[in-house]
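Those protein sequence lines, which keep their order, are chains A and B.
Residue numbers for the first sequence follow this note's numbering, so the first one is 1 and each next one is one higher.
Residue numbers for the second sequence follow this note's numbering, so the first one is 1001 and each next one is one higher.
Just so you know, these hints were derived from the structure itself, not from any lab.
This one's a predicted model, so the numbers in the text were calculated from it and none came from an experiment.
To give a feel for the contact side, a few chain B residues facing chain A, derived at Cβ under 8 Å:
# : residue
1 : Leu1034
2 : Lys1037
3 : Met1041
4 : Val1048
5 : Phe1051
6 : Met1086
7 : Ala1090
8 : Ala1096
9 : Ile1108
Cross-link-like lysine-lysine pairs, in silico, DSSO-like; alpha carbons within 27 Å at most:
#  : chain 1 : residue 1 : chain 2 : residue 2
10 : B       : Lys1036   : B       : Lys1122
11 : A       : Lys371    : A       : Lys104
12 : A       : Lys157    : B       : Lys1123
13 : A       : Lys104    : A       : Lys456
14 : B       : Lys1123   : B       : Lys1036
15 : A       : Lys456    : A       : Lys371
16 : B       : Lys1123   : A       : Lys104
17 : A       : Lys157    : A       : Lys104
18 : B       : Lys1058   : A       : Lys206
19 : A       : Lys157    : B       : Lys1036
20 : A       : Lys206    : B       : Lys1059
21 : A       : Lys157    : B       : Lys1122
Note that the Cβ used here is the ideal one computed from N, Cα and C, for glycine as well.
Each chain, letter by letter, is given below.
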Amino acid sequence: MSRHLPALLFLVPLFAAISMPIVCLRHRAWSRSIALSVLCSMVVFSIMNLVNIFQYGEIRYAFSGWPPPLGIEWVADGLASVVLVALSLLGLVTLIFAGSTSPKDLGGRIVHYYTLILLLISALTGIVFAGDLFNLFVFLEVAALASYALVGVAGGKALMAAFRYLILGTLGASLYLLGVSYFYAATGTLNMADMAEQLPHLLTSKAVLGGLLFMFLGLGIKMALVPFHAWLPDAYTHAPDSVSPILAALVTKVALLGWVRVMFWVLGIKVAVDDTPVLLLVGLLGSLAAVIGAVLALTQQDLKRMFAYGGISHIGIILIGVSQGNQTGFVGGVFYLLNDAVMQASLFFIAGVAISLYGVYTIEDVGRIAKQSPLLTSALVIAAMGMIGLPPTGGFFGKWYIILGALEANNYVAVGAVLLSTMLTLAYFVRIFERVFRHAPTLPDARPIEIPIQMKLSVGFTSMAIIVLGLLSDPIVGLLIDHTLPPGL
Amino acid sequence: MVEVFAAIFERPNFLTFVIIFLWGFYIMVTRYNLVKKLVGMYLVQTSVIFFLVSISAKKGATVPILLSPTASVQAIDYVNPLPHVMTLTAIVVGVATLGVALALCSAIYRTYGSLDEEEILKKLE
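Chain A with its partners taken away, still in its complex shape (with noise of 0.2 Å):
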């Protein structure tokens, strides 16, 4: 059973996405529950999937039974597992919170709603697990094509954002699968076992510096890496409030995590491929976007969208981590990787509560939410001191450990546009509690509004998962060096 856990965490969301529409063409309602159920159910395999794999060592599954070089094969091993945990978690309290905002903010679209989240669910699981390069490409654009879809599920303005997307993310596509083909080309195998085992006599040919350039553009795309990050910004800000949470969290970071297989995966690490130093390069190209992501949420007036460049710079902040070549840095990397998830998560919950229940969409009404809400305030408060890296929380953790990854390889950059980073992110917050503690609400006699036990619940969990990831980081870190390194770090 618990050999096959892989595949059915994969086909279980895939199978209920296909068959919603068909059962709940009569009753609609019935498709709540079928979701909520199927990522209960999702996140219970995960944990299964997790210890089982911390205990007895990485799984690797032959679809029907062919072997690896020739058939389709799925990699669970640590890395997988543990960001699958994540993704079902979020995926979970995603849909519970959708319960409260959903009919109203989607057009009624439920049905619609809850098979694209289970479509863009299997998709992502399947990207974690992918040990091919191929498959890679195809769970990306299924991935990118429900999410698409999402964006634009209720209309309106979110259309012209979700063609935009459309547009840059099959262009990434597009490269991607470029260089994959260059790849092909050069090693005759897609499998990235096998491939690894090929590539090191061939670091020297130019095919293969150039489907690594090709590959890093598409995936770039697709993680909205800086000078690439056109797309994300309108679409999470246009997107159905019970959408741009799940986009946050996991979208991103999942293509991210699929460059991290490139890189470790099937290139090795202290590689220079025909003597340009990738790692080097790819962690310049961080630095570069925690900066500039942090500098451009700065000068946001729209709640959704300072919070969306956040994420834009947090994601420059990971791949500096997981670029330093140590296990220090990796491990904090993948460790902060999982923080931003779940504090991404908790900002568009917020937002979503802030627009939906009380009209608050720009920094300048903030201030009534203070007034009318100590909870969500707290709530606030909390994402924002992950957000910043302070103490308590597991974003201060994340920070430490990539600065301390960054230290040990003497790349001193790195360390400036951390810290940099983080003071940007400090000012972009203080803008926004300068508002919520110091002005006065402009409707002083607005009544106080219940807030739904969904979104209490989600944003509680959010929270509690930002203090907790950071209370018990000392545990979490050890077990990822444990089980999440890639071989030969």
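Position chain B against the provided structure of chain A, taking the given hints into account.
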């Protein structure tokens, strides 16, 4: 300089790929009509598929079905089927993308009454 050009013209398939790719990219960037943008996007996707097919072409080989069940298999007689399978999958992905894109286009047209990007942006403000 001459050798560079000679090397390029020795591989006309690569040249064709580059031309189609850049042509599609140019259309995507310069046109304001959303459907024309999609035409450019589809050209970019098709160029990558063309590249995949062209690197797997093999002279004097046949489809990967055994010529005789008893004789030993000579790899040189058969075309490698994997790139073609990848191509098929990539085509399916491309069609799905185009489908979603056209659905979005029609929704945009129903909402804004136009497919011209500039007009839509004016109406958005």
